[in-house]
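Novice: Below, each chain spelled out in residue letters.
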Amino acid sequence: KQEVTQIPAALSVPEGENLVLNCSFTDSAIYNLQWFRQDPGKGLTSLLLIQSSQREQTSGRLNASLDKSSGRSTLYIAASQPGDSATYLCAAGGGSEKLVFGKGTKLTVNP
Amino acid sequence: EAEVAQSPRYKITEKSQAVAFWCDPISGHATLYWYRQILGQGPELLVQFQDESVVDDSQLPKDRFSAERLKGVDSTLKIQPAELGDSAMYLCASSLVGEGGETQYFGPGTRLLVL
Chain Y
1 KQEVTQIPAA
11 LSVPEGENLV
21 LNCSFTDSAI
31 YNLQWFRQDP
41 GKGLTSLLLI
51 QSSQREQTSG
61 RLNASLDKSS
71 GRSTLYIAAS
81 QPGDSATYLC
91 AAGGGSEKLV
101 FGKGTKLTVN
111 P
Chain B
1 EAEVAQSPRY
11 KITEKSQAVA
21 FWCDPISGHA
31 TLYWYRQILG
41 QGPELLVQFQ
51 DESVVDDSQL
61 PKDRFSAERL
71 KGVDSTLKIQ
81 PAELGDSAMY
91 LCASSLVGEG
101 GETQYFGPGT
111 RLLVL
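First to last, the protein sequences are chains Y and B.
Residues 1 to 111 (the numbering used here) are what the first sequence spells out, left to right.
Residues 1 to 115 (the numbering used here) are what the second sequence spells out, left to right.
Because the hints were derived from the structure by calculation, they are not lab data.
Note that the coordinates shown come from a computational prediction; the quantities given were computed from them, not determined experimentally.
Be a bit skeptical, because a hint or two may be false.
Under the rule of at most 20 Å between Cα atoms (straight-line distance), these lysine to aspartate or glutamate pairs were calculated in the DMTMM-like manner [to be verified]:
| no. | chain 1 | residue 1 | chain 2 | residue 2 |
| --- | --- | --- | --- | --- |
| 1 | Y | Lys42 | B | Asp86 |
| 2 | Y | Lys106 | B | Glu44 |
| 3 | Y | Lys1 | B | Glu44 |
| 4 | Y | Lys68 | B | Glu102 |
Restraint ranges, calculated between C-beta atoms of paired labels, are given here [what the hints assert, rightly or not]:
| no. | chain 1 | residue 1 | chain 2 | residue 2 | range |
| --- | --- | --- | --- | --- | --- |
| 5 | B | Arg9 | Y | Glu3 | 40 to 46 Å |
| 6 | B | Ala20 | Y | Ser85 | 32 to 38 Å |
| 7 | B | Ser16 | Y | Ser52 | 41 to 47 Å |
| 8 | B | Ala20 | Y | Ala9 | 31 to 37 Å |
| 9 | Y | Pro82 | B | Ile12 | 15 to 21 Å |
| 10 | Y | Gly16 | B | Trp22 | 30 to 36 Å |
| 11 | Y | Glu56 | B | Ser16 | 31 to 37 Å |
| 12 | B | Ile38 | Y | Ser52 | 26 to 32 Å |
| 13 | B | Ile12 | Y | Asp39 | 20 to 26 Å |
| 14 | B | Arg64 | Y | Glu17 | 45 to 51 Å |
| 15 | Y | Asp67 | B | Ile12 | 40 to 46 Å |
We put the beta carbon where it would ideally sit given N, CA and C, even for glycine.
From just these sequences and the hints, can you work out the full model?
Specialist: Here it is in structure tokens:
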């Protein structure tokens with residue numbers, strides 16, 4: 001059974017700082033890994049999707065990496081802004097298996 | 001930009017009552033998902049549809065929950081009777097291709113409070 005863990009559960013940084021969010025998963029036989037953003041009381045917004053054959057994906061100030069062999073993914077946010085404050089969730093799975101989500105990391109970027 | 005629509009956005013009900021949630025996926029998306037998200041947790045899949053067929057409902061409490069997607073477009077999730085533990089956010093998502101091969105697009109969710 002796939003289990004996804006995100007550390008830390010919460011993170012507070014000053015504006016402008018570069019930061020890394022961590023995600024680990026127990027079953028490396030995944031089809032893809034996805035990172036989502038969730039604002040309070042809202043639905044999820046897809047940020048990046050990394051196929052199992054890929055090592056990383058980039059979108060603007062965001063860069064996500066995937067290391068299947070170690071069961072880890074990281075989301076790197078460059079030059080953080082107050083508007084980046086949200087909960088970030090990773091999800092592993094795909095193929096014939098459902099996506100399994102972590103509990104998320106709540107990020108606060110202070111002006 | 002196309003979006004997944006859900007209604008209602010908020011629902012307060014008493015335990016033992018029936019509730020229903022509606023979802024309209026992005027046009028052309030064959031795969032539709034219903035998730036339940038308890039506060040402080042990640043979403044958990046309740047049911048997945050491919051067109052009008054159920055692909056995965058292994059985590060759906062079938063004694064009280066039902067879901068349908070009769071014409072392969074919009075979908076309804078029902079709870080009868082509601083219990084206190086059903087209080088959560090119910091999220092609908094859709095994608096072009098199932099099996100997690102494509103990005104899932106989420107709706108705004110329905111927040112349910114059972115009193």
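Novice: Could you tell me which of the numbered hints above are not met by this structure, giving the numbers in increasing order?
Specialist: 5, 9, 10 and 11
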